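J.: Produce the complete structure using the sequences and hints provided.
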Amino acid sequence: MSAPSTVQSVTVPAPTSAPAPSDSKSWARAFADIRAGVANRELWSHLGWQDIKQRYRRSVLGPLWITLSMGVTALGLGILYSQLLGSPIDTYLPYITTGFIVWAFLLGCLTEGTETFIANEGLIKHLPAPLSVYVLRTVWRQCIMFAHNMIIYFIVLMILWGGITKSGYVITDGGVPQPGLNWSALLAIPAFALIAVNAGWVVLLFGIISTRFRDIPQVITSLINLLFFMTPIVWSTDILQKRFGDGVTWRSLVAELNPLYHFIQIIRAPLIGAQQSWHHWAIVGGFAVVGWVLALFVMRNYRSRVSYWV
Amino acid sequence: MVSIDVWDASVDFPIFDAKSRSLKKQVLGKVGGKIGTESKVPVIEALHDISISLKDGDRVGLVGHNGAGKSTLLRLLSGIYEPTRGSSRIVGRVAPVFDLGVGMDQEISGFENIMIRGLYLGMTRKQMEKRVDDIAEFTELGDYLAMPLRTYSTGMRVRLALGVVTSIDPEILLLDEGIGAVDAAFLDKARDRLVDLVRRSGLLVFASHQDDLLLELCTSAVWMDEGRMKMRGGLREVLTAYKGKDPFANVSPEAAARLAAAPVSAVEGGE
Chain A
1 MSAPSTVQSV TVPAPTSAPA PSDSKSWARA FADIRAGVAN RELWSHLGWQ
51 DIKQRYRRSV LGPLWITLSM GVTALGLGIL YSQLLGSPID TYLPYITTGF
101 IVWAFLLGCL TEGTETFIAN EGLIKHLPAP LSVYVLRTVW RQCIMFAHNM
151 IIYFIVLMIL WGGITKSGYV ITDGGVPQPG LNWSALLAIP AFALIAVNAG
201 WVVLLFGIIS TRFRDIPQVI TSLINLLFFM TPIVWSTDIL QKRFGDGVTW
251 RSLVAELNPL YHFIQIIRAP LIGAQQSWHH WAIVGGFAVV GWVLALFVMR
301 NYRSRVSYWV
Chain B
1 MVSIDVWDAS VDFPIFDAKS RSLKKQVLGK VGGKIGTESK VPVIEALHDI
51 SISLKDGDRV GLVGHNGAGK STLLRLLSGI YEPTRGSSRI VGRVAPVFDL
101 GVGMDQEISG FENIMIRGLY LGMTRKQMEK RVDDIAEFTE LGDYLAMPLR
151 TYSTGMRVRL ALGVVTSIDP EILLLDEGIG AVDAAFLDKA RDRLVDLVRR
201 SGLLVFASHQ DDLLLELCTS AVWMDEGRMK MRGGLREVLT AYKGKDPFAN
251 VSPEAAARLA AAPVSAVEGG E
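Just so you know, the sequences run in chain order A and B.
Take 1 as the starting number for the first sequence in UniProt numbering and just add one per residue.
Take 1 as the starting number for the second sequence in UniProt numbering and just add one per residue.
Read the hints as simulated data drawn from the structure, not as lab findings.
This one's a predicted model, so the numbers in the text were calculated from it and none came from an experiment.
The beta-carbon is built from N, C-alpha and C at its ideal position, and this holds for glycine as well.
Take these hints with a grain of salt, some might be off.
Unchecked claim - Over the 12 Å line for every Cβ pair with chain B, so calculated as not near, a few chain A residues: (1) Asn40; (2) Asn182; (3) Ile220.
Stated by the list, open to error - Negatives, chain A to chain B, calculated, CB over 12 Å: (4) Lys25; (5) Gln54; (6) Leu77; (7) Leu123; (8) Leu127; (9) His280; (10) Phe287.
Said to hold, decoys possible - Here are some of the chain B residues that sit facing chain A, going by a computed Cβ distance under 7 Å: (11) Phe13; (12) Ser78; (13) Ile80; (14) Glu82; (15) Thr124; (16) Lys126; (17) Phe248.
T.: And the structure:
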């Protein structure tokens, strides 16, 4: 066994073939990353579940805490504001509950999206994997939490069945009469799918930008409370109409100009049998298209930099 | 066909939080990469002008002092870092065993970590479930695998990481120096498995300060110094140049015998 000895390997050359041009900033690599990420379904779904289990490890109720804390918040806010705003609780509570559940999803995607890559620093630096795995992990985690929160919706619906199923009910006194809950509630499913698609670009885009500019997460956190009060979640657009009429003034546009309102409305309206409007869908769909174009552009140019920045 | 090609690649780390620090004078110590100051953001030039071509069957040892760029080079070869200048192409499934402990989740159990590592390395859940018993047996961790990872010692982590990586069939195996942390008995066992694995897997790059491990697993070597490849050649020459003495002089008789027996070492006689 005279193995090829060390002497031979001295002549091992540097690359003989012509250098391949660097393809780090190509569309092909960006799309390959996303394809590989999606194909790794077992990995990101496992990691997403792991995150949830991890967060509630050693607690007695486990992930039920997600449901429970949502229930307590919705009930508390519901009782308080139904009195303050003079709304019947059986129509107001479903309204604020659904609004709050969707808000929790949007909030989670936005704030945890900014931390997607920063939080996964260890994994990114130690195991080669497509970046989109971490994006999908975050979105999937939020979806699981959304599913847990939806339990509260069904409980509220069961208890207050009469409130929102009547045709012509109003959310706040003197508001617009709503058609009442019917089969069009199923529209909430495609609506959620559309929002999840949006969540993808939000997490990807904000994730990459925040990894480079660490001020972005802070900016988002400081604005998020303001956004919550600006968005018709606790209050309803009925109030705008009652106070300022139908005229187009900045005051009545406070809701319409707020993109989050449309995101919430496409799910909330079908779930509580409220009037639905296609313009919300168009706006959310438009956001999905523009957002993904932007996110893909950033992905193309900065995908390979993320591991340097984390 | 498994291969790694790197052409004139450089890796520069931007250090964003060091902006205000005065770096007027180029800091040039024995340790660490060069710190560039041309741009607004200080940059650590961790690797420069790396050109290397690795093919099926190559087993390369990486030597060099701390901060010479061994770990960064491994990350470049694994595709975690894409070169800031130059280009690279990696063909094959990469299985890295780097800094042990960081890539693993401290709070979850050993079993869970095995599963996650396996999924990262391209296995499916089913495939990993089949291998878990084998890994448990090899690592000798037994019931400890149900404990959270934070309760593990360094050596136990190494066992876990090696257990996973040797239970699957990676095409490109990249090992960082940490694997020396295990005890002698386990090292013997791991050595057999690694040698076997190295024979099966296409390509090995192994950074280490331990001559005996290098001698056993590698045939050629790269000497890294200040982010450059200072020397590339046969293991013995490179080690001799790096250490200033022939590594074979220090090998104990029994290790020498083992080396001679292990064809993978590919060292003539080894006597």
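J.: If a hint holds in the structure, say so; if it does not, say that too.
T.: Against the structure, the hints come out as follows:
Not every CB of chain B is more than 12 Å from the CB of Asn40(A) (nearest about 8 Å), against its label as outside the interface. Residue placement check: Asn182(A) keeps its beta carbon more than 12 Å from all beta carbons of chain B (closest about 41 Å). Listed as outside the interface, Ile220(A) is consistent with that label: its C-beta sits roughly 19 Å from the nearest C-beta of chain B, beyond the 12 Å cut-off. Against chain B, the non-interface label of Lys25(A) is violated: not every CB pair exceeds 12 Å, the least being about 9 Å.
Separation of Gln54(A) from chain B is inadequate, the least Cβ-Cβ distance of about 6 Å not exceeding the 12 Å criterion. At roughly 33 Å from the closest C-beta of chain B, the C-beta of Leu77(A) stays outside 12 Å, upholding its exclusion from the interface. Interface exclusion of Leu123(A) from chain B breaks down, the closest Cβ pair being 6 Å apart, not more than 12 Å. The Cβ of Leu127(A) does not lie farther than 12 Å from every Cβ of chain B; its closest approach is about 5 Å, which violates its non-interface assignment.
No Cβ of chain B approaches the Cβ of His280(A) within 12 Å, the least distance being about 38 Å, so the stated non-interface status holds. A cut-off of 12 Å between C-beta atoms confirms that Phe287(A) is not in contact with chain B; the least separation is 30 Å. A cut of 7 Å between beta carbons decides the hint on Phe13(B): the least distance to chain A is about 6 Å, and the hint holds. Of the supplied interface hints, the one on Ser78(B) holds, with its beta-carbon coming within about 5 Å of a beta-carbon of chain A, less than 7 Å.
Checking Ile80(B) against chain A: minimum C-beta separation of about 5 Å stays under 7 Å; hint holds. Because the closest C-beta pair between Glu82(B) and chain A is about 4 Å apart, less than 7 Å, the hint holds. For Thr124(B), the interface hint holds, since its Cβ comes within 7 Å of a Cβ in chain A; the closest pair sits about 6 Å apart. Against a cut-off of 7 Å between C-beta atoms, the interface hint on Lys126(B) is violated, since the closest Cβ of chain A lies about 9 Å away.
Look at Phe248(B): its Cβ only gets to about 11 Å from chain A, farther than 7 Å, so that hint breaks.
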